[in-house]
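For the record, the sequence lines run as chains A and B. Our numbering applies: residue 1 is where the first sequence begins, and numbers increase by one. Our numbering applies: residue 1 is where the second sequence begins, and numbers increase by one.
Simulated from the structure, these hints should not be mistaken for laboratory data. Only a predicted model underlies this, so the values are computations on that prediction, with no experimental measurement involved. Quick reminder that beta carbons are idealized off the backbone N, C-alpha and C, glycines included. Treat each hint with caution, since some may be false.
Claimed, not checked - One side of the interface only, derived from the structure: several residues of chain A facing chain B at Cβ under 7 Å: (1) 146; (2) 244; (3) 276.
Protein chains: 2
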Amino acid sequence: MTALAEEIARVYGTPAVVIDLDKVEANIARLQAACDAAGVANRPHIKTHKSPELARLQVAAGARGITCQKLGEAEVMADGGIDDILISYNILGEEKLGRLGALQRRVRMIVAADNPVTIAGLPKAAEIAGRNLEVVVECDTGRKRAGVETPGEAVELAKQIAASKGLTFAGFLMYPPETGWPATQDFLDTANAGLREAGLEAGIVSTGGSPNIPNIGKLKGSTEHRSGTSIFNDRMQIAAGVASLEDCALTVYATVVSRAGPERGILDSGSKTLTSDKGGLDGHGYILEYPLARIAQFAEEHGFLDLSGSNERPNVGEVVRVVPNHVCVVVNMVDRLVTVRGDKLIGELPVAARGKLT
Amino acid sequence: MTALAEEIARVYGTPAVVIDLDKVEANIARLQAACDAAGVANRPHIKTHKSPELARLQVAAGARGITCQKLGEAEVMADGGIDDILISYNILGEEKLGRLGALQRRVRMIVAADNPVTIAGLPKAAEIAGRNLEVVVECDTGRKRAGVETPGEAVELAKQIAASKGLTFAGFLMYPPETGWPATQDFLDTANAGLREAGLEAGIVSTGGSPNIPNIGKLKGSTEHRSGTSIFNDRMQIAAGVASLEDCALTVYATVVSRAGPERGILDSGSKTLTSDKGGLDGHGYILEYPLARIAQFAEEHGFLDLSGSNERPNVGEVVRVVPNHVCVVVNMVDRLVTVRGDKLIGELPVAARGKLT
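The following block holds chain A by itself, in its conformation from the complex (with noise of 0.2 Å):
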């Protein structure tokens, strides 16, 4: 057990969620050095971090702007200085329509859209803001998610909001399955012939994904990439191919409170902080202390571990690190996060757009 350990044991109490401001600067640099090599301009994804502070950091080293999935999130984003944002998602119903319209008026907004409905209703919006507002149409490369499923769809839905009093068609949302990019380029050089054929054009042309990074600038056409969990990483990026655990800039502090049998051990960490995310991996986190103790199963405040494969074993009152499966959840459990840089503790930083549902 650490001097940092206990300190944050101290300070905080267990379980903290814990980030490294090193290891998330050298994450920030990173993903800009990629877009910038590719000539793709960085819109990452605030998701994972929800924090306006660190949404400035990736803006000062040199991101366009960034994605939000919630109305929510861009309003704090815009509130913490933030100008330029995408929400990649559907905004619906009056309520969303009217604050929407409002931060249209103070900073540059797009929106996704994948069906006509969502775009009938976004001039009201634009209404409100009193200028245009950009709209691109969200795209299903292959991954079975939201998005029009056909290049002609999305053309379809393209001349719809170049048709629609207030909007302006920006281009197109995707977010190719890791191995889809040549399936992907179908998609959008098909979708550019029906766009020019009806005097269009896609200004944008997004990209999405951390374990796509490495595939940045591979869609030909391309202008931009959203990239949300590499800003901490996790153990999902480390199975992916795109992180090691060095990288991994997030660690949940928990204490074994408890020794329930020899071969048996209880974190004060479950569902509740680590979320029941497993991402397709085996156990709930990655022990550094005790890489071979598995995070079997959780109750909602209780981590329990399987320490039969695992020589060294830990005590009652002990200080572990786990590194989640899934960090974009796990942040979204906390109102802050504790700040360290190395063995050093420096502070807090609020996690501002949490719990922004809507």
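Let chain A serve as the given structure and place chain B on it in line with the hints.
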């Protein structure tokens, strides 16, 4: 889409986590009646609702006190006027022991311990409080979670507590599996025999679990029961046979934001709202309006619907109500609950103890 759904979407936006206070009050009354009928005190676990206001309703209905899982929860509850609090958790470390002592100055505190290290620390809290702290020994009666595994160990810890300056041995904390009552009875009887030999007595014998409500009082010698989830209920409680859909007081109001393909749809509620806690069930929630639609998968802010089994399919923009699989972790995501009575919007209730990680 009901007028209430439209109103909630207009006033609060979606996703909105909504509780029906009529159902909440009925659920509170039902638990109290079950405890009264068995002659066992009711000590509901507030981990589910994290609201002092709802805790006060539980006490007003007859609960002896409450159960918390975190010191931070207990602090919020004490601030909210609750004066008899069991923390069913090992409290460890200087920071927490100081806070526990401060709390114990103000209200009756009982804490659990399942190991000698925890017990060795607790006198510090008692010293700060200036009066004895009641400690129950947590016993593992078959779930392989927290707790000592044998009656002999339980008695040893009871003796250690009784011999510790400032501590009072208060009894046993148990969480019997729903089918494990005979084994739990054996455990308790053997432990009680050991206590008698040592001149000790278990004033509190606490059982737990909402699925165990039908079993309250089954353990001869039990004095209290802890139930959390039953205040709201969820799909897991329905699956356990202890609640009906009509007993589910909490629903997540979600908007259909996309119909990505003919057999697909997307809700604006994903793992950052409903969480990835599946509780061993199929799908991630039950949509009241579309019972045959399956919430097949989550992204952080997307719930991906498989509509292939449902002839009725929602349109983009429609607001639906989702009964979560596991309600405790859903409440833990939000800072407020929207309150209704039947089809009437009432207001909001802060989830005051949310985010109190330590």
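Hints, one by one, checked against the model:
Interface restraint check: residue 146 of chain A against chain B, minimum CB-CB distance 5 Å, threshold 7 Å, status holds. With a cut of 7 Å, the hint placing residue 244 of chain A at the interface with chain B is violated, because the nearest CB-to-CB distance is about 24 Å. Taking 7 Å as the C-beta contact cut-off toward chain B, the hint placing residue 276 of chain A at the interface holds, the least distance being around 4 Å.
Of the numbered hints listed earlier, the single one contradicted by the structure is hint 2.
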